[in-house]
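J.: One-letter residues, chain by chain:
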Amino acid sequence: MPTAIEFFKFLPKTNCGECGHPTCLAFAMQLANQKVSIDACPYVDPSAKGKLEESSAPPVRGFNVGVGEKTVRMGDETVLYRHERKFVNPTAFAVTVTDTMTAEEISATVAHYSSMVFERVGMEFRLDMFTLRDGTGDPDSYVKAVKCLSENTDWPIILLSDDPEVIRPAAELIKERRPLIYSADRSNVEQMASMAAALGLPLALRDDTLDGMASLVEDAKKAGVEDLILDLGSASMKQVLENNTAARKVSLRRTFKGLGYPLMNCVGSGERAVMRAMLSVMKYGSLVIFESIEAQQALPLMTLRQNIYTDPQVPIQVKEDLYPISDPDTASPVLFTTNFSLTYFTVRADIEKSRQPVWLQVVDTEGLSVLTAYAAGKFGPEHVSAALEASGALQKSDGPIVTPGMVAKLSGKLEEALGRKVLVGPMESGSLPKFLKGLKG
Amino acid sequence: MAKVPMPKEKWSGAVGSMALGDGSVSLGGVKGMPFLSFEDPQKHRPLLAGEVVDDISDFPSIVLKQFGTSAEDPVSWAMEWKSKGADLICLRLLSTDPERNDTAPEKAAEIAKKVADSTGLPLIVYGSGIAEKDAAVMEAVGKALEGHRSILAYVEEDSYKRMASTAVAHKHAVLAFSNLDINLAKQMNILLSDFGVDRGDIVMDPLMAPLGMGLEYSYSVNERIMLAALSGDRMLQVPMVCDASQAWQVRDCSEEDDALGDAAERAAWWEFATALAALLSGADVLIVRGAKAMDLIQEAVNDMGGHA
Ligand code: B12
Ligand code: SF4
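Order-wise, the sequence lines are chains A and B.
Letter 389 of the first sequence, counting from 1, is numbered 389 in our numbering, and no numbers are missing.
Letter 25 of the second sequence, counting from 1, is numbered 25 in our numbering, and no numbers are missing.
For the record, the hints were derived by calculation from the structure and aren't laboratory data.
One should not assume that every hint holds.
Residues from chain B shown here face chain A by an in silico Cβ test under 10 Å; the list is partial [unchecked claim]:
#, residue
1, Met1
2, Met6
3, Tyr219
4, Leu260
5, Ala267
6, Val301
7, Asp303
8, Gly305
Some chain B residues close to chain A (C-beta under 7 Å, calculated; not the full set) [stated by the list, open to error]:
#, residue
9, Phe35
10, Phe177
11, Leu184
12, Glu216
13, Gly261
14, Asp262
Predicted, not measured: the structure shown is a model, and the values here were computed from it.
Ideal Cβ positions, reconstructed from N, Cα and C, are used throughout, including at glycine.
Let the sequences and hints guide you as you build the complete structure.
T.: Here's what the structure looks like:
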């Protein structure tokens, strides 16, 4: 982003006030803070405006692939390290079908991956996109396959071939769905880029070297494509790590302008693919294309993505409230826990497993887990009793109050404060089904 | 053709290095962010420690299956790790817990000595996590392992004197534990230095929270520690130990559930993801539990241009 002084240089310095600011300098300062648009000053020379727009372009371009609810947004990243600010658009994962498959095989593969969905911390984890790989070199076969694929899924589609003539009819057929074209390299960049430009579609570029990639970017831009994603190779983890890091670093530091695009890795299948994918999630990948992936690898991979892309300032949390589970009544026990999402959803799932009616009181601990909150002084008897009173839990049930086992120390003080029976629950909520059944008996 | 300038940082600091065992095993000495050869051309050589416990009563059965009968005896378990290419053995003397076997310090020290002698590998030795007992156990262990420089684990802000003295007396390194906070990590190193422990004898454990249980906090705290150390903060220029075995604490790491895929495979990837996050954010030593996870981690270290 240019500084206020840099903006100021381009302003007429007449302080006419038409922009709504008393002086050109005041306006320049608002520009630097990204509070106003340069268009508000009618007197900026158009060529200066072009220069300013270029230098105020985001360091990593953002764009959409696909349309509708399943649209995937890539890029827009602003930092190298996530403690500075949240990483913005989570890595998208794509899996692959080919035009050598029958229509049945394509729809079975799509169905298989579409149902690879995991619930974790109250969130749904799933894959994001399908890639159609050209396995025949035949445009007719490819267009048939893309028809079949697009009828079977509303996920964004990646069209994968080295041959622009294979991609063209398919891309024309589904261009309204905004597929990504993968990929252009040194050998075909002119044709690929002019096709992508004509259809208004995003394009992936592939080159293993930073210099080679920079010149591909220039060529693609010349042909009129702006929405680019860069594949700097995935031959080794070293290549993924170093190329992605270097490209992102020069872009964010603005020591080189031509690589400010989202990055991607095409990893294949098997163990090496999962390793490269995990690395790409941590090191600036916006998209990972798999040939295939198994559930036991997908869950840890998606959990990693969720972890890395959480906001470092705000732990994911739920609302302080009294949550009824399985129709509790006036005799049901009142369990309490913290409002950290991981804690709440773990405990909730275990209570549901027990099929016992329970009131679950969530206490606002600013999103901290049981021991963390206790150690931080946010989960004392006073916090718990205040929450129980505010929610009316004590009126809704005469059942026993149950503490998490890790904070057994709370039970004495709480019993005093509430004048009610307080039981110590198990350390791990995994033992709650047994504990709750024991309570009844 | 465009020429992209390599974004090489000019770091003013480096992580201190130290030797372990008979002096032939070295760690630390990193001069750039992990595995970036354009910042630090020397081969990155994080050490991988295989975990061995002396009481398997509540140890995950998936791991026990991987090691078969050798898990019944710490020495044969450690030898198995050695043949798998582990650089260190992380020995947890769980049986010393007063609530378990309450194994006497001298007895525990014998186990440690046997493991060290048979493998020839340096050890990271933990007690049972009961501070008072651990200090006594480490006194015996430190003495028994004299001449075979190891890491005594661990000390905390409110109890460090006795174990730190043991380390100094018998020329071992000591593991400084802190809780997911760069300032606390630094504070621990300062406390130990002020107490008379040489900075070259301190390794730190800033707590590696596992995948799905706070990994993101650790990833960022570690990165901040690395950046500060490389930028010249001497009190953070000590090698970092990360415990990937904590991954097994997370329920969906290894619970049996068909919808989540094969449990043993999933657990390996759960531990691997934790380990990779640790390696990329600055771990110099990794503690690893699963045999399969160790294979994956070794492959990844090599593939990143390091050398396991
Ligand atoms: C991630 C983490 C953090 C994150 C916070 C994450 C968060 N949003 O809570 C950060 C980095 C912020 C953090 C900070 C601190 N942390 Co911390 N942290 C952890 C860590 C690694 C994981 C916690 C976690 O997510 N657990 C998972 C959740 C699901 O567990 P849980 O909430 O306890 O829930 C389980 C049970 O309690 C039970 N349960 C829960 N509710 C209920 C209800 C009922 C009725 C029942 C029966 C059971 C039950 O079932 C659940 C599943 O098993 C742990 C170490 C570890 N590996 O456990 C340390 C840990 C909890 N932290 C600790 C400490 C000391 C701190 C700090 C005070 C450090 C400091 N001095 O600054 C700060 C305090 C925070 C602050 N000031 O803001 C200590 C607590 C020590 C103690 N025994 O009291 C721990 C144990 C680490 C350690 N070994 O020293 N921490
Ligand atoms: S409109 Fe333009 S010339 Fe007038 S004060 Fe604003 S910035 Fe200055």
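J.: Compare the structure with the hints numbered earlier in the document and write down the numbers of the violated ones, lowest to highest.
T.: 10, 11
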